[in-house]
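Residue numbers (this note's numbering), protein chains in the order written: chain X, 673 to 1105; chain U, 673 to 1105.
Misleading hints may appear alongside valid ones.
Derived lysine to aspartate or glutamate pairs resembling EDC-like cross-links, with alpha carbons at most 20 Å apart [stated by the list, open to error]: (1) K808/X to E793/X; (2) K820/X to E1060/U; (3) K1070/X to E1060/X; (4) K1061/U to E1084/U; (5) K1083/U to D1037/U; (6) K790/X to D1037/U; (7) K820/U to E1060/X; (8) K826/X to E793/X; (9) K820/U to E1102/X; (10) K971/U to D914/U; (11) K1098/U to E1102/X; (12) K1069/X to E1048/X; (13) K1098/X to D1095/U; (14) K820/X to D1095/U.
No lab work stands behind these hints, which were simulated from the structure alone.
Protein chains: 2
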Amino acid sequence: MQIKKSAERAKTTLVTRLRQVRAPRAATATVTAVKGGVTAAQGYSAAGVKAGIKASKKPDLAVVASDRPASAAGTFTRNAIRASSVTRCDNLLPVGGIRAILCNSGCANACTGKQGAKDTEATAALVAKALAVPPKSVLTASTGVIGKFLPMDKIAAAMPNLIKALSPTGGSAFSGAIMTTDLTQKESAVKVACGKQSFTIGGTVKGSGMIHPNMATMLCFITTDAAVTPAVLNGILKRVIDKTFNNLTVDGDTSTNDMVLIMANGASGVEVKSGVTVDKGLQNAFEEGLFAVCNDLCKQIAADGEGATKRVEINVTGARNDTEAKAAAKAVATSNLTKCALFGNDPNWGRIACAVGYSGAKFSDTKMSIKLCGIEVFRNLQPVKFDEKKAHTLMKKKVVAIDIDLGVGSKEATAHTCDFSYDYVKINAEYRT
Amino acid sequence: MQIKKSAERAKTTLVTRLRQVRAPRAATATVTAVKGGVTAAQGYSAAGVKAGIKASKKPDLAVVASDRPASAAGTFTRNAIRASSVTRCDNLLPVGGIRAILCNSGCANACTGKQGAKDTEATAALVAKALAVPPKSVLTASTGVIGKFLPMDKIAAAMPNLIKALSPTGGSAFSGAIMTTDLTQKESAVKVACGKQSFTIGGTVKGSGMIHPNMATMLCFITTDAAVTPAVLNGILKRVIDKTFNNLTVDGDTSTNDMVLIMANGASGVEVKSGVTVDKGLQNAFEEGLFAVCNDLCKQIAADGEGATKRVEINVTGARNDTEAKAAAKAVATSNLTKCALFGNDPNWGRIACAVGYSGAKFSDTKMSIKLCGIEVFRNLQPVKFDEKKAHTLMKKKVVAIDIDLGVGSKEATAHTCDFSYDYVKINAEYRT
Chain X
673 MQIKKSAERA KTTLVTRLRQ VRAPRAATAT VTAVKGGVTA AQGYSAAGVK
723 AGIKASKKPD LAVVASDRPA SAAGTFTRNA IRASSVTRCD NLLPVGGIRA
773 ILCNSGCANA CTGKQGAKDT EATAALVAKA LAVPPKSVLT ASTGVIGKFL
823 PMDKIAAAMP NLIKALSPTG GSAFSGAIMT TDLTQKESAV KVACGKQSFT
873 IGGTVKGSGM IHPNMATMLC FITTDAAVTP AVLNGILKRV IDKTFNNLTV
923 DGDTSTNDMV LIMANGASGV EVKSGVTVDK GLQNAFEEGL FAVCNDLCKQ
973 IAADGEGATK RVEINVTGAR NDTEAKAAAK AVATSNLTKC ALFGNDPNWG
1023 RIACAVGYSG AKFSDTKMSI KLCGIEVFRN LQPVKFDEKK AHTLMKKKVV
1073 AIDIDLGVGS KEATAHTCDF SYDYVKINAE YRT
Chain U
673 MQIKKSAERA KTTLVTRLRQ VRAPRAATAT VTAVKGGVTA AQGYSAAGVK
723 AGIKASKKPD LAVVASDRPA SAAGTFTRNA IRASSVTRCD NLLPVGGIRA
773 ILCNSGCANA CTGKQGAKDT EATAALVAKA LAVPPKSVLT ASTGVIGKFL
823 PMDKIAAAMP NLIKALSPTG GSAFSGAIMT TDLTQKESAV KVACGKQSFT
873 IGGTVKGSGM IHPNMATMLC FITTDAAVTP AVLNGILKRV IDKTFNNLTV
923 DGDTSTNDMV LIMANGASGV EVKSGVTVDK GLQNAFEEGL FAVCNDLCKQ
973 IAADGEGATK RVEINVTGAR NDTEAKAAAK AVATSNLTKC ALFGNDPNWG
1023 RIACAVGYSG AKFSDTKMSI KLCGIEVFRN LQPVKFDEKK AHTLMKKKVV
1073 AIDIDLGVGS KEATAHTCDF SYDYVKINAE YRT
């Protein structure tokens, strides 16, 4: 859990809100970090086991199940080449009645044609049979090498053990079994209180290369015990993803397999419904909670990006519109040259300015400014004298902030990334060997 | 010179033409590779000296002059933050009466505001005075670190030596003095014969990082002894650049300083004019010659990309239109994951397919295919069984080809790039230290 606790966190949240003006605010809602991931909310059980899909023999098959039918929604990669699991989930969602999500690591089952699609259906059917639920109530996700077929015999053989291991404390096992080149497990959960009502939202995510989500091999699974209709869940999820995962990049490559899936089973008894029974306060509270979980998971992916030695946050302010704010932030986050300089702790701000320049965002010749670790380095399209040694030292921290004010408006965006090291190249030159 | 000579080259050229259908063909023109760079054509002299701009004390100031007024045209970076040399040239060109181009390396004079603009004017004036020509007949270009001011005293002090060193055989000295992280000098020249008339086109270019030209710190200087009016020269240059340098990437970062400048002084007596005196055959011959020089220089930049161990050519065929052919080729060329796999000699074609998928180009589910080093690895959105060991061995060559047939049309494009190695990160983490 990287969200700060209690009083300290409340302050951070407020500062974040004032700066980012992106988390929708429900007047009466309080969002508090709690432990756990996909089983933090009531009514969920999860498990992760070794099925032998990965050559490393690490855990590679995971399932999370709801004890009652849940509303579900998802966001999916915009890559035109999509894994069959992405296509299947996208066809099914948003919908009610979902009972489980199965995820395998070690094989993306992408670029595998008709056989791949059959294997995805067969995997869902295996889970459905074991849980005695309909196949269409089971969602599946895959991550790993592209162009390899799923080892169906291994998955079938591991299924009884997987289902047997399901437990209300199995979130961590789930989180471990979906990792590929990730070095750390990534979980986040919050308790949202709104008046006298309260519910929980928890999730887990895996990185850590081919990360440039434009929904990336980023998979995220979120569960909540609030009751939300599929349509409302879908709308809120899309708004939150657009402000979080879609502003994240490790290497600029948008994967064939990315998706974020969310289940809402209502086990808390709190109804964030739609239509006539809609409670705007509760909906806002839910969106704020979901933003907190997704934003935290985003930062965890960035910090554990392939080869990363530090996490980098690019905050753009003063843009004419949301699109340009995002374009400028993402251009800097995606710039290989900027990220190599960050690895070298070199305050070479010219590369940051260069990326803003090619982002397409409008900026002011007289008001644009760039701060690196809080030190102003560029203003008025001219260099600013600054203490390079101090900047170099500050850049060695685990989290580096780049603040860019475009000086032409009031819109803002934050992009998440990491630095670019020898190890990124090593990991990806040797990925399959 | 990497263009092949005589009979062998004639065959290569023809094959290239049939495959790429992009070099415009003049029925009667023959294009033959010759030695040299910016002084290969008649009427030009050049020089390169050490002015002390670079900390390394290597040559860093270069000039090429025409013995008579020349037509000139240029293409410039589309980065919204532009070096003052780019702005000045763009304001002046296309125009006649140009006498010289000065280029310094070691300092980009970008993001330097009004002082930077003054320094650019002052540099042009220094050359103009030394050559006794008007300041507006002198173009300037800069490359190196962004955000530093030009050391005007050093440039002024070196000017007499630079002008004294001007020589019709000075092309190589010019080429050496414009290098930054380049490991090799890059020159190319051709003799174009059209009927009884013949002229020469020669040029030089520097790479080798921040290369993603969208006209990058790519600078290219071309001279010809054909007579071409500024407007015609401008039109031909833009068409050729769009098929060559604009399809080149090393790291996806579009520089603040990129430009290609061309001078045409008519010293050959051959008039590729415009308007009523236009000779379409000669114009086509000129465009074909210019394409050959630019295409060759492109390959030389890719081969010497920062940290590169090999050059990579991505040929896309079967596209619906030129835009999508180019988008698919450039997406693969820019994919960090694909380039790391190329460095590791790993036939991990899934990353190539993934990049095509997010390029936005339309492809056929049943006809799309990918070949790696001539071996088909993907067809019909399904894996093809192939000899991975053979592919791995072929990938160790100095030039690797990736052929992608989108299967939905007849349009084609070629993108040029290199692999992505530890050394790229090293060079750019330590660039200023």
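These are the hints, each one checked on the structure:
no.	hint	result
1	K808/X to E793/X	holds (9 Å)
2	K820/X to E1060/U	holds (13 Å)
3	K1070/X to E1060/X	holds (18 Å)
4	K1061/U to E1084/U	violated (30 Å)
5	K1083/U to D1037/U	holds (18 Å)
6	K790/X to D1037/U	holds (17 Å)
7	K820/U to E1060/X	holds (14 Å)
8	K826/X to E793/X	holds (16 Å)
9	K820/U to E1102/X	violated (39 Å)
10	K971/U to D914/U	holds (15 Å)
11	K1098/U to E1102/X	holds (18 Å)
12	K1069/X to E1048/X	holds (18 Å)
13	K1098/X to D1095/U	holds (11 Å)
14	K820/X to D1095/U	violated (31 Å)
Checked against the numbered hints given earlier, this structure breaks hints 4, 9 and 14; the rest are met.
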